[in-house]
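Residue numbers (my numbering), protein chains in the order written: chain A, 2 to 354; chain B, 4 to 66.
These aren't lab readings, by the way, just hints derived from the structure by calculation.
Misleading hints may appear alongside valid ones.
As the list claims (entries may be wrong) - Below, in silico cross-link-like pairs of lysine to any residue (SDA-like), each with a Cα-Cα straight-line distance of 20 Å or less:
#, chain 1, residue 1, chain 2, residue 2
1, B, Lys59, A, Leu163
2, B, Lys59, A, Ala165
3, A, Lys15, B, Gly40
4, B, Lys28, B, Pro47
5, B, Lys29, A, Ala8
Since the structure is predicted, the reported quantities are computational estimates derived from the model, not experimental observations.
Residues per chain, in single letters:
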Amino acid sequence: MSHGYVAVQWSRKKWVYDGLVWLGIAVFVVVFMAVSSASHSGLEALSPMTLLIRAFATCAFLMLTLILCIGPLARLDTRFLPLLYNRRHFGVSMFVVALAHAVLAIIWYHSFGVENPLVSIFTSPGSYESISDFPFQRFGVFALLILFVMAATSHDYWNANLGAPFWKALHMGVYLAYASLVVHVASGAMLQAETGLLTAMVLGSVLLVGGLHIAAVIKSKGAQVQCEASDWVDVGSWRDIPNDQAIVVQVANDERVAVFRYEGHKLAAVSNVCQHQNGPLGEGRVIDGCITCPWHGFQYRPEDGRSPAPFTEKIATFGLRLDGERVMLNSVALPEGTARPITLIKDLVEAAQ
Amino acid sequence: MALFVSVYVAVGALFAVYFAALGYKKLDASATGAGFGVRLLWMPAALALWPALLVKLLRGTAS
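Let's have the full structure, built from the sequences with the hints guiding it.
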């Protein structure tokens with residue numbers, strides 16, 4: 002969080018996550034090269050460099066597809082949340098693989114002429130009106146530039162100093178990069194492919210990413226409790242709130258409030274927006290007594306909305322009271338970091354057991 | 004176009020060196036004392052976004 006800056010706040014989970022990502026990359030590249038090599042023999046044999054370029058390209062595209070699926074998957078099913086916690090490292094790893102593909106492709110296809118290889122990508126003949134002569138490389142470069150800026154600004158320092166709205170807008174560029182990559186593959190490698198495998202991969206990726214995003218939007222719209230303009234609003238029965246998790250309530254001024262149940266018998270309401278990157282706190286869990294953002298693990302105490310020392314982030318808190326089994330939320334936000342009495346439902350929980 | 008990109012990257016590279024040495028703490032005083040490794044990590048972003056960062060630094064100095 003904001004207390005001092007280090008390159009990476011390593012934890013055992015991050016080591017395991019990164020280890021698995023890079024092991025997966027290595028296994029994918031080796032298997033891809035072995036299978037491609039075995040299926041192209043004799044006159045059709047491919048050079049190791051061509052195989053490596055294709056392996057990195059396919060790996061990076063599939064990684065980007067997975068990255069774009071993680072967010073909606075975690076919204077649809079909380080079992081996917083562990084994938085979300087270190088998505089940033091997954092993204093940077095994907096950029097490194099994409100960069101390896103780009104560097105090797107530029108060396109292999111553009112460095113044997115008289116012109117600067119980087120310049121030749123943009124000056125080599127091509128027509129946007131021709132399918133067979135479409136300058137697909139330019140779309141790859143455009144996507145790579147977006148991914149570079151995203152990887153370069155992925156550290157917390159940039160989020161803090163570029164401002165969360167600008168930072169988030171910058172990182173929403175991933176969808177532009179993805180669209181550009183789909184054009185890059187569809188107008189390049191896909192046209193030259195001997196089998197329909199690549200077409201199936203790209204189509205499957207687009208359908209998966211699009212479908213999961215639509216499903217997640219539909220689910221989140223259905224799950225949110227819509228409230229009228231009123232100080233106290235009924236958010237539902239305490240039984241509807243899973244232990245160590247929250248339900249999200251949208252109050253009249255479009256503000257979203259996360260109502261958590263934790264330790265089985267305690268209720269607390271806080272703003273749904275994480276101070277770090279506006280992550281959805283209501284989709285996180287209570288871990289070690291703290292509300293933990295599903296995006297990057299920022300934590301807040303339920304009782305006052307403050308990050309545990311030495312961190313200093315604060316979020317708005319909200320009052321709660323009980324009306325029988327119904328949980329009533331005061332929709333007027335208290336100042337960030339305000340402590341208020343925690344609503345206890347021990348008697349209700351015991352009576353229900 | 005190639006000349007513009009070359010100039011942008013060259014100025015960005017110089018700015019990134021300045022930023023990793025001094026600019027980072029002018030932009031964020033709480034970053035003072037950040038290690039060499041993390042400042043090295045910030046250099047690519049400084050290179051890419053140098054016009055925006057330069058404006059931020061100049062505004063900060065002016066105020």
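Numbered hints the structure breaks, given as an ascending list: none
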